[in-house]
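Got two chains here, each in a separate frame; can you build the complex from them with the hints?
Note that the protein sequences, when read in sequence, are chains A and B.
The C-terminal position of the first sequence is numbered 155 in the numbering used here, with every residue numbered one higher than the one before it.
The C-terminal position of the second sequence is numbered 194 in the numbering used here, with every residue numbered one higher than the one before it.
Don't read these hints as lab results, they were simulated from the structure.
Just so it is clear, CB atoms sit at the ideal spot from N, CA and C, and this is done for glycine as well.
Careful: at least some of the hints might be erroneous.
[What the hints assert, rightly or not] With beta-carbon atoms standing in for the labels, derived distance ranges:
(1) A:I87 to B:T178: 39 to 47 Å
(2) A:T59 to B:V93: 36 to 44 Å
(3) B:T98 to A:R104: 41 to 49 Å
(4) B:V133 to A:L125: 40 to 48 Å
[As the list claims (entries may be wrong)] Simulated pairs of lysine-lysine, DSSO-like, Cα-Cα distance not exceeding 27 Å:
(5) A:K147 to A:K96
(6) A:K147 to B:K138
(7) B:K92 to A:K147
(8) A:K96 to A:K111
(9) A:K147 to A:K111
(10) A:K119 to A:K147
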Amino acid sequence: AQTVTQSQPEMSVQEAETVTLSCTYDTSESDYYLFWYKQPPSRQMILVIRQEAYKQQNATENRFSVNFQKAAKSFSLKISDSQLGDAAMYFCAYWRGGADGLTFGKGTHLIIQP
Amino acid sequence: DAGITQSPRHKVTETGTPVTLRCHQTENHRYMYWYRQDPGHGLRLIHYSYGVKDTDKGEVSDGYSVSRSKTEDFLLTLESATSSQTSVYFCAISSGTNTDTQYFGPGTRLTVL
Chain A
42 AQTVTQSQPE MSVQEAETVT LSCTYDTSES DYYLFWYKQP PSRQMILVIR
92 QEAYKQQNAT ENRFSVNFQK AAKSFSLKIS DSQLGDAAMY FCAYWRGGAD
142 GLTFGKGTHL IIQP
Chain B
82 DAGITQSPRH KVTETGTPVT LRCHQTENHR YMYWYRQDPG HGLRLIHYSY
132 GVKDTDKGEV SDGYSVSRSK TEDFLLTLES ATSSQTSVYF CAISSGTNTD
182 TQYFGPGTRL TVL
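In isolation and in its complexed conformation, chain B is listed as follows (with noise of 0.2 Å):
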């Protein structure tokens, strides 16, 4: 299995709160993934990095920012949570190269009230 992780890995909380999900990776690739997983959707995109400090968004990426100041670690935050914003929240890792694959971790499930 690959080395990721994710933290924590259940919230609840309020309306008009900042929220941060941490996704932790041991296996130095290079592209990191945030999705988010609500019924009847699958998993969509939310923002993706392709190096430290290099990210860019996904095709649901308001209400949410990222941050990558190291390699293995990926940030999402939620400036002022909404309960729109309640879902299962995925990182997912590749490496880049000719075998590539996504990999994802094990989820966090968020709820805001």
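So here's chain A without its partners, still in its complex pose (with noise of 0.2 Å):
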């Protein structure tokens, strides 16, 4: 069985700085995607980033980076110029895609510091 690990609870950043959140997982596939989510206070789950495990290069979206190491089985988000609305419960996720579920880490909750 697949699983992810998230080894931070909570970070801390203050605004306009750089943070990164950390995760690793465990899988014998070798193709699958990576995922974080992003859920603020309002509950709603947010994609932030996607990753398809067969593509090298690492994927981004704006201010938000991933370093996906596949051979270490980790995969990390950077998140730049850390914004007010940033602050969220970030979780890492794995997925065989079709039919099967999502495997979810335990989440970081970030704060950003004004």
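And the structure:
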């Protein structure tokens, strides 16, 4: 079974600074997807970024980028120029695709200090 | 935003009563999923559907049943609610294409007294 581990229950960063959230996973598959979801206090699960395992190039979405290390099974999220609106729980998730469900980590609570 | 709605958004019920949560999508996506979110556990898969009348169990399916009679609707039923089923329930959908992603509904907060 796949597992996803987020080792940082909480992180704090100053506004405008850069922060990196860690995620490791375990799988025997070679093809899969990895995601970071953001959950603000509204509770909505918002997709931040998506990575396909067969792509070596790291995904980027504006201020958000990932460092995907397939051999190390590591998938960290970097947030540049942190903004107050980035404050939320961040979940790392693994997916084989199709009918399979997502496997989530337990989340990292990101605090933005003004 | 993906067109996913969940109803009700909040519900309080008593132990032993039946409860049905509804997920409705307007995207015509093939796959639908039910998750529950509990403190310290992230989200965990309850059941999923890969087509009309095609469903299967997830990681935490005990005490839950599902039905999908139309592409757009996926129902989650607690036959006899227990306090351990107090949780936030999320529905998700995916298309099954090569640009696939799971998109989530707004969630339902269920409290079983």
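**OP:** Kindly confirm whether 39 to 47 Å is satisfied by the beta carbon distance between A:I87 and B:T178.
**Re:** Cβ of A:I87 to Cβ of B:T178: about 21 Å, so the range 39 to 47 Å is violated.
**OP:** Would you check the hint for A:K147 and A:K96, treating anything up to 27 Å between C-alpha atoms as holding?
**Re:** holds (26 Å)
Original post:
Between A:K147 and A:K111, is the straight-line Cα distance small enough, at 27 Å or below?
Top reply: Distance of about 21 Å is within 27 Å: holds.
Original post:
Hey, A:K96 versus A:K111, does the alpha-carbon distance stay inside 27 Å?
Top reply: Measuring from Cα to Cα gives roughly 10 Å; hence the hint holds.
Original post:
A:K147 and B:K138: Cα distance at most 27 Å?
Top reply: holds (21 Å)
Original post:
At the C-beta level, are A:T59 and B:V93 separated by a distance inside 36 to 44 Å?
Top reply: Roughly 43 Å apart at Cβ, these two residues keep to the hinted range, so it holds.
Original post:
Between A:K119 and A:K147, does the CA-CA distance stay at or below 27 Å?
Top reply: holds (18 Å)
Subject >> Pair hint outcome, B:K92 versus A:K147 [Cα-Cα no greater than 27 Å] >> reply: The hint holds at about 25 Å.
Original post:
CB of B:T98 to CB of A:R104, is that within 41 to 49 Å?
Top reply: Taking Cβ atoms as reference, B:T98 and A:R104 lie about 46 Å apart, which means the hint holds.
**OP:** Could you tell me whether the CB distance from B:V133 to A:L125 stays inside 40 to 48 Å?
**Re:** holds (44 Å)
Figure legend: structure checked against the earlier numbered hints; the only hint not met is number 1.
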